[in-house]
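Using the sequences provided together with the hints, build the complete structure.
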Amino acid sequence: MHSTKKSGKSFLNQLILFIAIAIPWLIGAIYINKTKSAAKSDSITVVNFQRDKAPKADHSKYAVLQQDFKSPEGVTAACLSCHNYTAGDIMKTAHWNWDRDYVTETGDTIKLGKKNILNNFCIGIPSNEPRCTSCHIGYGWKNNQFDFKDENRVDCLICHDKTGTYKKFPSGAGYPVTEETVSDGVTYFPPDYQYIAANVGTPGKDNCGACHFTGGGGNNVKHGDIANEMKQVTREVDVHMGVDGANMDCVDCHKTHRHNISGNLYSIASTDTNRVSCSMCHTEIPHKNNILNVHSKKVACQTCHIPQFAKVSATKMSWDWSTAGQFKEDGSYKIVKDSMGNVTYHTMKGSFVWEKNVSPEYQWFNGRAKHYVIGDKIDTSEVVSLNGLEGRYADNRSKIVPVKVHLAKQIYDSENNYLINPHLFGKDSTAYWKNYDWKKAAQTGMDSVGLPFSGKYGFAETEMSWPVNHMVAPMSESLQCADCHGANSRIAALNDFYLIGRDRSKTLDYAGFALIVFSAFGVFVHAFMRILGKNKK
Amino acid sequence: MKKSTYIYRSFERFWHWSQALLIFFLALTGFEMHGSFKIFGFENVVRWHNLAAWAFLVLIVFAVFWHFVTGEWKQYIPTTKFIKAQVDYYLTGIFRGAPHPTHKTVYNKFNPLQRLIYLGLKLLVIPVQVITGIIYMTYIYPNESLHVEGLGNIAILHTFGAFLLLAFVIAHVYLTTTGDTPASAIKAMITGWEEIDVDENEERLKNLHKAVDKSVAGYYRLGANGFIEDVNDAWLGMYKCSDRSKVIGQHYNITRDEADLSSFTNQLNQVMKGEILTGVTVRRKCMDGSFGYHILSANPVYTEGIISGVEGFIINIDQKEESREYLYNAVKDSGAGYYRLNSDGIIETVNDAWLKMYKYASVAEIAGKHFSITRPVTEIVKLEETFAKVIQGEIISGALAIRICKDGTTGKHILSANPVYEGNKIIGMEGFILDINEEFAL
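Quick note, the sequences are listed as chains A and B, same order. Taken in order, the first sequence gives residues 1007 to 1543; the numbers are from the numbering used here. Taken in order, the second sequence gives residues 26 to 467; the numbers are from the numbering used here.
It is possible that some hints are incorrect.
Claimed, not checked - Keeping only pairs whose Cα atoms sit at most 30 Å apart, straight-line, the calculated DSSO-like set for lysine-lysine is:
| no. | chain 1 | residue 1 | chain 2 | residue 2 |
| --- | --- | --- | --- | --- |
| 1 | B | LYS129 | A | LYS1542 |
| 2 | B | LYS63 | A | LYS1405 |
| 3 | A | LYS1059 | A | LYS1261 |
By construction, these hints were calculated from the structure, which means they are not laboratory data.
Structure (C-alpha cells):
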C-alpha cells in the first residue's frame, strides 16, 4: 500500500520532469516554424522607388523643332535653344568625355577612360576612332582632333529618340547616314529629324541598349548580363526588366542628375562614387531571416541573386587575337560558327569562346579598381590583369561580387614589354583589317598614343573582370547556403578567410575522428572485458 | 550499508537531461554545418544551432546559480586522493569484480576522476565552447570595433571543443553502466533516488552534532594534543563561560581540578587508543573556579583512518533541586530516551526516543506496566536494586543496562536515574537512557 503510493508519486515527479524538459524544445520548435514561414513569404521590401512615365512636355508643339533639319547638329542647336545649360552638363559627364580622373600607383592623377584605356576585346580607340566612336554621344569624333567643347556636336537624339528610327552608322564617327547605306547586311536610312525631334522623351531600354547591349561589336559580347533581349524578357531572366516582372527601364535604377547617369562599370571606372546599389530600394535589411541580412556586410546582393548570366544569348568568355588573319583558300574570310550560331573564328578577329548560362566567378570588391594604363610594363609569365578589382576579406568595405572574367590573347611589344594599341580599323594601308600585317598596325597604333614600337611583338594573355549586376533571378533561383557553405563552394577561390561548411582543419578533423573512434573502441573493449570477467566468476 | 537515498534533486535532473539533449542537438547541427554529413540542410541547422545555443546559455545561467546557492559546486573541487585507486579500478579491478574504491554519498557524489573530468568540462570545455560560439555569432565579419581577421582559429577551437564533448559523451554514457547494475546510475539520474553506501560514521556524527546543537547537552572536541577545538553553547553554559574564544585553543587541563586531572588524562588516553567512553560521571572545574558534575561520553575522531582527537558530549547532573525540569529539557531533544516511574515501579510515561529504542509504537502500549517488563530475567534484579536506591534519594548515572524490546530482541544503553520529588516526598523515579550502538559496544 505504502509503496504503490510512493511509486505513484514518483511517476508524477518524472512526468513533471519530462514536461519541464520538453517545454523549452516545444517553444523552440514553434519559434523556428513560425519564423521559417515568414522567411519564405514572397513580399519584397521596396523603398524610395518612384517612377514617372508620363511625358513632361509635348515636343511636337515647339515651333523651333518644326523645321526641315539638314544635319543632326541642327537638331542639337534647336534643343539647346531651350535647354541652354544642358550641353554644359553633358560635357562634364563620362558619357561625353570618355574619361575620368584616375590616380595611378605613383600617385599621379591622370585622365583615364574609354578614350585611352586598353581592353581585351577590340583593344584600344586611338587610331580606330570612326568605328569605336559610333557609340559616342557626339558627332564627328574621327580622330584625336575632336573638339570636346563644341556644343552642337552633342548627340541628343541617340538617348532621347522615342521613335526607334534614329541610328548611328557603325563606322560613322557618331553620325547617322545621309543616304541609304548597307553595312553587315543591315540597311541604315537617313533619319527623319523633324519626326524624331517631335517625339523625344525619357531614355528607355532601346536608347541605352543601342550602345550598351552590343559593346564589343555584337550582342552580349562584353557584359554578359545586358543584351538586346533585355528589351523583351520574362522575369525568369531579369525580375526588374522582365516585361512580366517590374518591367523597369535602365534609368529607373540608374538615376540621373543633370545628365550625370549613376552607375559604374569597372572595366573603365575606378572609384567608389556615383554607384547604383540594390539597397537604394531594397534597404540593407531586406530579408526576414536576419542571418541573411548580416551576410550583406560581406556579400553583395548580386552574388546570391544572380546565380547565372547570359541566360538568353551567349556571351564572349575569351578572345584569341593570335589566330586572326587566316583566310579561306579562295581568299575570302574564314568564318566558323558553333552550334548556337556564335562566331567562334573570324579572319578579322581570331578565335572566340562563347558561353551561355554562365555561373559567375566571385571576387572581393570594395568599389575601387586598378587599371592597366597604356605604357605600363607587363609580366607575360602570368595573366595580365587589365582591370583589377580591389578588395579582400579583411577590408571592411569589401564585398563578394559576381564577376564575368574575360580572357584574351592580345598583341604586345615583346621588346618594350607593354601592350600594343593596334590600328585595326581604317582605310589606310597600315590598318590591320586592310592588310593583316600586325607590325604595321602596331606601328600606326602606337604612334597615335605617342609610344615607341620596337618592331617585335607577341601575344600576351590578359584578363578583364566585369562585375555582373543584371539578370537578377526570381527568389526561387537564388543561391542556397550550401552553394557557398559546402564542399563545392562557388567561392572556393576566395580563400583568404575561414568559411564554415567549406573550410576545415584537416588535421583537427582527423584527430577528432581518431579521438571518437578511440573512445568508442575503448568503451567496446572495456565492456567486452567486463562481460568476460563476469562470466568467469 | 546500502540505503535508498535522494541524491539528485529536481533541478539537477532537469539541468542534466536538458544539457544532455542540448549537447546532442548542438553536436548534430554543428557537425552538419561543419560539413560532416547532410541531413537537415545548412540553413535549418544554422538556425537551430543558434537557437539551441541561446537555450544552452540560459540553462548555464540557471545551473551556475543553482550550484552556488546549493553549495553543490563543492562537489567538483578536485582531489588527488584515491585518484590512482579509481584509475586502477577502471583499468583492472572492475574486471575482477573488485569493489568500487570510493563510495558515493550525498555529500560526495563523484569519484575523484569524475570530479576532475566534470570540473574540466565546466571550467574549460563548456566555457571555451560558449565564448567561441558567442564570438562566432557576434563577429561574423571583420568589424571596426574588434577587427577579427577571420574566424578560422575561433572555428577550429569550437570544433575541437565539440570533438572533446563528443568523446566525453561516449565515455560518460558507458561509465554510467559501471554502477551496481548497468541501469542503476541512469535510473538514479531519472528518479533522483539511488541505493548508495551510507558512511555510518559520517551519519552518526552528523546526527550527534544535530542533536547536540539543539539540546542542552554540551559538546566538545579535543585535538590529539589535548587542546580544545570546539565546544557548543550548552558546554559553555555548564562551564560558566560566556566567551568561546577563552576556551578554544586551551588545554583540557583548565577544565579539571588537579585532583581529577590524572584520571581524566587516563580516560582520554584510552579514547586516543580507540576506546569509546559512554557515561562516566566526572567533576568539572568551571571558569569561575566553582565545581560541577556531569556525565561524559567520549569517542575518537578519525581523520583519514587515524585517530586525530576526541569528542563527546556532557550532560549536567549537579542541580539536584531542579533536576527534574533540567533532565526533562536535557533529554527532550537530545535523542536520549526518557522515562518516569511511580513509587510502585509502574511506568507512567516515556518519550519517543525511548519508544524507538524499545520498539514500541506508542506510549499506550507500555504505560501502566511494571518496569520489570523492560528487562531480561537476568537483569531484573539489577534494575530493582537501582530503583530501591533512587526511591531512597540516590542518583544513579551512567549505569550500563541491557533492555528487552517489544519484539524480544535485546539492546544496550546507558541509564541515569534520579528521584521524582513532590515537595520533599519522593513519588517516583525518572531518568534517561542513551543507546549504545552495537558497533561501539564495550
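For LYS63 (chain B) and LYS1405 (chain A), compute the direct alpha-carbon distance and say whether it is at most 30 Å. This hinted pair holds, its Cα atoms lying about 28 Å apart.
Does LYS1059 (chain A) pair with LYS1261 (chain A) here, judged by a C-alpha cut-off of 30 Å? It holds: about 14 Å lies between the C-alpha atoms, which stays within 30 Å.
Between the alpha carbons of LYS129 (chain B) and LYS1542 (chain A), is the straight-line distance 30 Å or under? 27 Å, holds
Of the hints listed earlier, there is not a single one the structure fails to meet.
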